[in-house]
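K.L.:
Top to bottom, those sequences are chains X and Z.
With this note's numbering applied, the first sequence covers 1 to 602.
With this note's numbering applied, the second sequence covers 603 to 717.
Take the hints with a grain of salt, since some may be wrong.
[Unchecked claim] Here are some chain X residues pointing at chain Z (derived, C-beta under 8 Å):
hint	residue
1	77
2	81
3	82
4	98
5	101
6	102
7	109
8	112
9	236
[Unchecked claim] Derived SDA-like pairs: lysine to any residue, alpha-carbon spacing no greater than 25 Å straight-line:
hint	chain 1	residue 1	chain 2	residue 2
10	X	113	Z	654
11	Z	677	X	537
12	X	107	Z	675
13	X	276	X	218
14	X	113	Z	665
15	Z	661	Z	689
16	X	107	X	13
17	X	107	Z	624
18	Z	677	Z	694
19	Z	687	X	594
20	Z	677	X	215
21	X	107	Z	667
22	Z	677	X	94
23	Z	661	X	124
24	Z	686	Z	624
25	X	107	X	12
26	Z	688	X	115
27	Z	687	X	109
28	Z	677	X	44
29	X	113	Z	691
30	Z	677	X	56
31	Z	694	Z	616
32	X	113	Z	703
33	X	340	X	215
34	X	107	X	121
35	X	113	Z	666
36	X	276	X	195
37	Z	677	X	69
38	Z	661	Z	678
39	X	340	X	287
40	X	594	X	537
If you are wondering where the hints come from, they were derived from the structure by calculation, not from laboratory data.
Quick caveat: nothing in here was measured; it's all calculated off a predicted structure.
Note that CB positions come from ideal geometry on N, CA and C, so glycine has one too.
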Amino acid sequence: MPESLPLRDRSPILRWWRGVPAPSMQGLEPRRLRAVTRAIIEAAALPPRLSNAVDQVVARAGGFPSERRDVARELCAHFAAGVASGTNETQLLAAFGDPRRAGRLLKRAIRRKRGWTWHTWWWASRAMIATALFVSTGYGLIAWRFWSARPALAGDYLNSLNALAPIGPEGTNAWPILGPACDDLERAESLFQMSVPHDKFLYLYGIQPHDELWPQVGSLLSRSAESLDVLRLASRLPHLGAPWVPRPDANDLGSLGTALYRVHPRHAELMETAAKWLFLDARFAAESSDLDRAVGNVEAIVRLASLLSAPRGNERVVGATIAWWAATTVIDIVMRAGPKLSDADLHRLTLALETPHTSDGAIDLEGWRLIWQDLADRIFTDGTNGHITSSAIGAADELVTQSYRSHSKTSPQSWRTPAVLAMTEGRAEMTHRFENALSALVSKHRLPPWERPSGTIVLADDAPLPERVNAIPDLFVRRIEYATFMLPLFDLEISAAQTALAVERFRRVNGRFPDALTELPEADLVRVIRDPFDGSPLRYAAHDGSASLWSVGPDRTDEGGDSKYLQQGYVWHLRDAYRDRPDLVSVGDLRLWKLAAPEFAP
Amino acid sequence: MRIEIELMRGAGPVAILKLLERGEMYGYEIVEALAQRSDGLLTMGQSTLYPMLYNLEAKDLIASRWDDTEGRPRKYYRLTAKGKKKLAEATKEWRGIAKAMSALGVLTHGTVAGA
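Take the sequences, apply the hints, and build the full model.
P.N.:
So this is what it looks like as structure tokens:
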């Protein structure tokens, strides 16, 4: 028997691979398949080593049972012929070569022999497996990216927003001293409220001299005198210089979300806190006849409102809110100490309320529209290419989560996917709805307050998108709608304060209150606006040494100045009532003031 | 003498087809005939032979049948019409190669005479 022709493999890797001892496939075959060939091999009665070689080749070649049988029979016949020719077992095995290699080659050859149906099935199944693997891997990667990644804002949005805030040269900005003073006052108020027993809960700014806690509030004001001085000092500076969004950390999504939710910036909120404290201090000053301090506080509040009159819709609304506090303070002072006011103080108060910014142009719907577009562009799209980015998704996620958390909806985690949905499907829809709602608000605002339809503007919900898509525009629209509801009241309060001053001036000249507002000089009469709730002149009555002014209120019914819901008769109660329960504000009149002649003054 | 694996891949099937031209043969017979008629030069490992036979059968160049008449089963291979045609083409190609090699002086006249 000639030796096998040595076939040379050029590849060292292949040579190495063929040298690696492979595990025998014999033990790995299912018992049923082994039985197919076992009988044939045993029937051939070959020497054990040859039988084992056949067994190895068949095991590695695999195939259907018929193919296995065929291979086993042929190899058995081959070795039987060799034995019959007198070749010994060792020579036969050497001439045969590596059974492992034979099995591998046979496996391929057997497959080639199969028909086209098998080949079609084979490639189709492999293609399906490959596709399934590819898709599942892709989905896996996307899922991993989605659930594990924590997108961050790509741009410094806070910096961009803060760049909108005008800041003057160093030393001319009020905020560096005003901000800390406001923080101190907020903290002091919180501590005071915590010290008050629950059953004596106090609305701090509604306190009256007969209240049990009046002395404690007086002490609180004394302790806060330094901060109040800072407020008065800061109000004299020419610029506010406050950032739009405070930035405890760069790209702080929480701050951005809070700023969006509140719509107006944090500093505006603190400015209102300052105005309220100055109002409270003025009340105590008027009560203790420190009228110069009381009038000075009114002037300081008006100056703070001036600092906020930036050309942005939201700040103008807040500026008007603060101006409203000035008017409220004037009414409070005149009601408490009108007869004691000097003519000079009366003139100072009149001048303070003449400041044109107080309510003029406070409604700036175009400004709101710009804010929406500005923020939407900054947050929902990448400014460079207009495509939604992962950072935008992150920002939206945070915003939607925050807004819905504040609305006590479901858990924040469940909004992760909706946020992305809102981003990918709902941005255009959100803008569309916001624009529609804004247009409705503009139309509504063009009407006099008493002709405006009741009810709130509803965001269009014609598209089959979930409620969450309304989240962000809804926040904006509610705020704007609230402002449109309140601003006529702010105008009303300012007009009422100016009327109170005019009535007091009339009393000083004529020794009595006017019987009707028409008795007032022409210059004062033009400041008396119509009742925003019914368009009629404001109701006025004078009798028994007192004079009262009231509005019919949201229910548009004149109840003779009787205020059932508004116990103190102040506008802010109406505002707070609207904020908490808009459906409950239509009870009673809105008493604006009640003045007393000197002989009847408290 | 060692033959490059690529050369053997080309020569092996042709050698088998040539052997089967004379009549049908079974596997072990082919092995022995190859060894004898090529002076051992074209002796191939039998682990290579059977896959080669399966491949030729897959291409319809040869056909097989089982014969149990002599008491032991044997699988006989024979040339098909397609195989004959293929063998004619391959023979022509090999002669061309031998002629070219001869012209180049790689082969002498005597070595190609029997081809």
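K.L.:
All hints, please: hold or fail.
P.N.:
Taking the hints in turn, this is what the structure says about them:
The interface hint given for residue 77 of chain X holds, since its Cβ lies 5 Å from the closest Cβ of chain Z, which is under the 8 Å cut-off. For residue 81 of chain X, the interface hint holds, since its Cβ comes within 8 Å of a Cβ in chain Z; the closest pair sits about 4 Å apart. The beta carbon of residue 82 of chain X is positioned within 8 Å of a beta carbon in chain Z (closest approach about 6 Å), and the interface hint is therefore held. For residue 98 of chain X, the interface hint holds, the least distance from its beta-carbon to any beta-carbon of chain Z being 6 Å, beneath 8 Å.
Given the 8 Å rule on beta carbons, the hint for residue 101 of chain X holds: about 5 Å separates it from the nearest Cβ of chain Z. For the restraint placing residue 102 of chain X at the interface with chain Z, the shortest Cβ-Cβ distance is roughly 3 Å, inside the 8 Å limit, so the hint holds. Restraint check, residue 109 of chain X versus chain Z: the minimum CB separation of about 3 Å is within 8 Å; hint holds. Here the hint on residue 112 of chain X is kept, as its CB sits about 4 Å from the closest CB of chain Z, short of 8 Å.
Given the 8 Å rule on beta carbons, the hint for residue 236 of chain X is violated: about 99 Å separates it from the nearest Cβ of chain Z. Restraint check for residue 113 of chain X and residue 654 of chain Z: satisfied, since their Cα atoms lie roughly 12 Å apart, inside the 25 Å limit. Between the alpha carbons of residue 677 of chain Z and residue 537 of chain X the distance comes to roughly 120 Å, so the proposed pair goes past 25 Å and is violated. The suggested pairing of residue 107 of chain X with residue 675 of chain Z holds, with an alpha-carbon distance near 22 Å, which does not exceed 25 Å.
Taking the CA atoms of residue 276 of chain X and residue 218 of chain X, the gap is about 15 Å. The hint holds against a cut of 25 Å. Restraint check for residue 113 of chain X and residue 665 of chain Z: the C-alpha separation of about 12 Å stays at or below 25 Å, so the hint holds. Simply put, residue 661 of chain Z and residue 689 of chain Z have alpha-carbon atoms about 13 Å apart, close enough for the 25 Å limit, and the pair holds. For the given pair, residue 107 of chain X sits about 21 Å from residue 13 of chain X by alpha-carbon distance, which is consistent with the 25 Å threshold.
With a C-alpha separation of about 29 Å, the suggested pair residue 107 of chain X and residue 624 of chain Z falls outside the 25 Å cut-off, and the hint is violated. For the hint pairing residue 677 of chain Z with residue 694 of chain Z, the CA-to-CA distance comes to about 29 Å; that exceeds 25 Å, so the pair is violated. Of the supplied pair hints, the one linking residue 687 of chain Z and residue 594 of chain X is violated, its CA atoms being roughly 123 Å apart against a limit of 25 Å. Distance restraint check for residue 677 of chain Z and residue 215 of chain X: the Cα-Cα separation of roughly 119 Å exceeds the 25 Å cut-off, and the hinted pair is therefore not satisfied.
At most 25 Å may separate the alpha-carbon atoms for a hinted pair to count; residue 107 of chain X and residue 667 of chain Z meet this at roughly 20 Å. Taking the CA atoms of residue 677 of chain Z and residue 94 of chain X, the gap is about 22 Å. The hint holds against a cut of 25 Å. Our distance criterion of 25 Å between C-alpha atoms is met by residue 661 of chain Z and residue 124 of chain X, whose separation comes to about 22 Å. Using a Cα cut-off of 25 Å, the hinted pair residue 686 of chain Z and residue 624 of chain Z holds, with the two alpha carbons roughly 11 Å apart.
Restraint check for residue 107 of chain X and residue 12 of chain X: the C-alpha separation of about 23 Å stays at or below 25 Å, so the hint holds. As the CA atoms of residue 688 of chain Z and residue 115 of chain X are separated by approximately 22 Å, the hinted pair is consistent with the 25 Å bound. With a CA separation close to 22 Å, the supplied pair residue 687 of chain Z and residue 109 of chain X stays within the 25 Å bound. Straight-line distance between C-alpha atoms of residue 677 of chain Z and residue 44 of chain X comes to about 14 Å, which keeps the hinted pair within the 25 Å bound.
Annotation: proposed proximity of residue 113 of chain X to residue 691 of chain Z holds, straight-line Cα distance about 23 Å (limit 25 Å). With a C-alpha separation of about 20 Å, the suggested pair residue 677 of chain Z and residue 56 of chain X falls inside the 25 Å cut-off, and the hint holds. Of the supplied pair hints, the one linking residue 694 of chain Z and residue 616 of chain Z holds, its CA atoms being roughly 11 Å apart against a limit of 25 Å. For the given pair, residue 113 of chain X sits about 36 Å from residue 703 of chain Z by alpha-carbon distance, which is inconsistent with the 25 Å threshold.
Of the supplied pair hints, the one linking residue 340 of chain X and residue 215 of chain X holds, its CA atoms being roughly 23 Å apart against a limit of 25 Å. For the given pair, residue 107 of chain X sits about 17 Å from residue 121 of chain X by alpha-carbon distance, which is consistent with the 25 Å threshold. Proposed proximity of residue 113 of chain X and residue 666 of chain Z is supported: the alpha carbons are some 12 Å apart, at most 25 Å. Between residue 276 of chain X and residue 195 of chain X the alpha-carbon distance is near 20 Å, which keeps this suggested pair within the 25 Å criterion.
Distance restraint check for residue 677 of chain Z and residue 69 of chain X: the Cα-Cα separation of roughly 12 Å lies within the 25 Å cut-off, and the hinted pair is therefore satisfied. Between the alpha carbons of residue 661 of chain Z and residue 678 of chain Z the distance comes to roughly 17 Å, so the proposed pair stays at or under 25 Å and holds. Note on residue 340 of chain X and residue 287 of chain X: the hinted pairing holds, with a Cα-Cα distance of about 11 Å set against a maximum of 25 Å. Between residue 594 of chain X and residue 537 of chain X the CA atoms are separated by roughly 17 Å; this keeps the pair inside 25 Å, and the hint holds.
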